[in-house]
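Visitor: Letter by letter, the chains look like this.
2 protein chains.
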Amino acid sequence: MKNTIFVLEEGSPKYQQIYEKFKSFIERGDIRPNDRLPSIRQLADSLHVSRNTTLTAYEQLVAEGYIRGEGRKGYFVNEVEPLLFQENENPHRKKQTALKKMPVINFRGDAVDQAHFPLKIWRRMANQVLTWQDSFRYGEPFGEEVLREQIAKYLFQSRGVKTNANAIIIGSSTQQMLVYLGQILKEEFQSIIVEDPGYDGAREAFQFHRFEFETLPVHETGADLSQLKQMNSRLLYVTPSHQSPIGVSLSIQQRQMLIQWVNERCGYIIEDDYDSEFRYTQKPFPALASIDAARVIYLGNFSKSFLPGLRLAYMVLPEPILSQYQKHFAYFESSTSLLSQLTMAKFMESGEWNRHIKRMRLVYKRKVSHLVAELRKHFGPTITIIGEQSGLYLLIKLHLNHSEEWLIQRASSCGVKVYPTSLYFMNNHTDRPIIKIGFSHLSIDEIDLGVELLKKAWVGEKDIETPTAKGGGLSRSENL
Amino acid sequence: MKNTIFVLEEGSPKYQQIYEKFKSFIERGDIRPNDRLPSIRQLADSLHVSRNTTLTAYEQLVAEGYIRGEGRKGYFVNEVEPLLFQENENPHRKKQTALKKMPVINFRGDAVDQAHFPLKIWRRMANQVLTWQDSFRYGEPFGEEVLREQIAKYLFQSRGVKTNANAIIIGSSTQQMLVYLGQILKEEFQSIIVEDPGYDGAREAFQFHRFEFETLPVHETGADLSQLKQMNSRLLYVTPSHQSPIGVSLSIQQRQMLIQWVNERCGYIIEDDYDSEFRYTQKPFPALASIDAARVIYLGNFSKSFLPGLRLAYMVLPEPILSQYQKHFAYFESSTSLLSQLTMAKFMESGEWNRHIKRMRLVYKRKVSHLVAELRKHFGPTITIIGEQSGLYLLIKLHLNHSEEWLIQRASSCGVKVYPTSLYFMNNHTDRPIIKIGFSHLSIDEIDLGVELLKKAWVGEKDIETPTAKGGGLSRSENL
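For the protein sequence lines, the chains are Z and Y, in the order given.
Count along the first sequence from 1, add 8, and you get the number used in the numbering used here.
Count along the second sequence from 1, add 8, and you get the number used in the numbering used here.
It is possible that some hints are incorrect.
A pair holds if it fits inside one copy or across any two, identical chains being indistinguishable in the list.
What the hints assert, rightly or not - Derived DSS-like pairs (lysine-lysine); straight-line CA-CA distance at most 27 Å:
1. K373 <-> K405
2. K170 <-> K366
3. K405 <-> K464
4. K463 <-> K22
It is worth saying that the hints were derived from the structure and are not from the lab.
Work out the full structure: start from the sequences and follow the hints.
Guide: See the structure below:
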């Protein structure tokens, strides 16, 4: 096994190529059972990739049973029947090997950049937290005070929101918090105004409590706030900093108009500030809650800005909602990892959080600029790009005579996965299909390849077949 | 600072003594600003304690601002004004320094043993998971398949429950799962039968959906199942393996009776198997769901058996509840850390989970036997011990003329914190006060000291003052 040298190609992720190569070596018998593989380090050096890349490839092979790790001795090939590769009934393994058939480039919107994650620092802090006696208990019902203090400080510095640890409730996701909050709000409100198009996950949480919906139309130029006057509800859910999914922001005049509206109606605004950290063209706009927080319920989370898998979110409640919430949920256990909370508190307190946000803003800015340039170069006036000023995805409206479904399936058959937006719309339909493209986790090379493949899929060949009804739509859970 | 030698005493935790000593050295000026402290290792060696103990003490001092860590250089004393120690407005710091005034021994029931936690193995696995590309995304709505598969395997091996990954839903706590599950159940059921006394947290979750309660009396000898016939509800919440809080188990005859009852009524039983891993006198009884799972909703979690702060729980749903749940919550994000799920899957797959459970069963068995022996030695027939066969706490019924409140306050004034059980009772009152004593996190020495102090508090002095109304009750959230 000493001379296994192969060349990595552009295109698919490197760890995946390494994984595929070794898998085929083992399947074809080029490497035999109990042979030792090159070490993580040797392989990384010889292929000019990071050790994380080779480790990830090996981990995948271990997970699928091709190889085993024997501690410091290294990695060895397992005895495997050749037939196993064809007929494998283990659903987990099935799913893993299905990777091969997935599109080469996945413009998913539900991931974050891995390359610039502060792995060492986070690990060190997480490892320290695990030695504390304080980590071996149930957490506080409304979240750990040390983290709530750090969030209060951060919200003031970066969003202009004046609050204190006591008014902050820590939860595990926006939806979980909306389900719990809805329990309080439904005592006073039967209906809620939501943006159209808007975040479907929030609508699901409101439906949990059977709120009726009124819809506020949002266009590419912004939300049509004039319609609020005719509406009956006194409760409004909005994403003012980066409208989900259109990407527009409310101007200061519009923000003031909203504050005035809610004060006149004695209602509440739920401000979901889910990815305000990443604004590329101007400084982030101050939050609605920074203008007047008396009737604003502010929601934030760490999913886009740090790591979605942590499941760490928070809300700032105004009185009297806060008192009602504290009374109602005093005997509910926190649903958020105590360890993640303590580690994040340490991470924020040390200044690493601010450094991380600054770093990621530059990383994502570079990616989005590149993506926009590539899209313009390949598509020209065939598309309109929407929402490139902020966030971790953008939308493209296609001026072609094709349906959203066709565009997605056609891209998929060319090896690119892109996402629909129709699920966000309620009554306010769009004239042309709008496709969602996430870029946060892709490298510049992957973005290049993805856009090229999209060009090939959508306009590259003259004799493209017309839309087929075959294959059905994507399931909704894949489309987030 | 080279010759700072002091002697650790029996009684309060060692890390706390070290912390207190250094704090007073700094406050009195015995150690001066910018002095270097002994290293974690040096101090541990000279005091004959583990490095975790000295690290914990130093971490506490760092958190409070007394000292700072400078990486490999070591720990140094900060410049601090003497006044700071008296007038500190930082609520976090206040809370930390309030440690001093807390009881010496806290028989809390909401913690787990730290000394035998598989720190290195868990850390290694958690650190690996953080390098996977798979960790940088949102998790699956119903939990990661790799973990659900491991849980299915474990449930069959250890609880006799035959299920598969697809029927398992991963959540973050029993309460969170009951809130979501209640959304489905309330379509068919308006009321639920709960144990009396019983787990208050479950009642809170049922109240979220305004279920009406019927109560099933549980005595020290067991639950009175004959009463089920007269009840109207077809939905029952029970803790058959280790009744919460009484600690009795349902016999196989009683289990079969329950299964027959629920099949006749076409209802559902919610079986909360929250700490079945720790049974000390016989082998764990098989779960209700192992007899007939058609009408049993099985709940389990990792809070007692592993780490409460992880917030990892699961339920096994029978059809048609499963289909309804999957349909209803398909668009809800998971509220459970993806990283914790992936790490736990690895931990279980590697066999470490089974090793951990075996190890902890012995650790806890030793602690509970010791606690029971000490209680018998000091209290004799003055108390009845309830529920020592399993779980991480036991109950003592006191045959003295004192109220629950007096017993708790009196113990507290002698430096021991014990917990009430009255909050678990609804209609089925007890003749004598019953006190809850958790032992999982205490060392044998701490248990000895705690029981001695309880003796002093409750029967040690002849001229004990009569109960006072002063000081108020403990807040409920402290009593879990």
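Visitor: Using 27 Å as the alpha-carbon threshold, which applies to K170 and K366: within, between, both, or neither?
Guide: For K170 and K366, only the intra-copy Cα distance (22 Å) is at most 27 Å; the inter-copy one is 50 Å.
Visitor: First find the shortest C-alpha distance between K373 and K405 inside one copy, then the shortest across copies, and answer within, between, both or neither for a cut-off of 27 Å.
Guide: within (21 Å within a copy, 65 Å between copies)
Visitor: At most 27 Å between C-alpha atoms: does K405 with K464 qualify within a copy, between copies, both, or neither?
Guide: within (17 Å within a copy, 78 Å between copies)
Visitor: At most 27 Å between CA atoms: does that hold for K463 and K22 within a copy, between copies, both, or neither?
Guide: Intra 23 Å, inter 67 Å, cutoff 27 Å: intra-copy only.
Every hint from the earlier list agrees with this structure, and none is contradicted.
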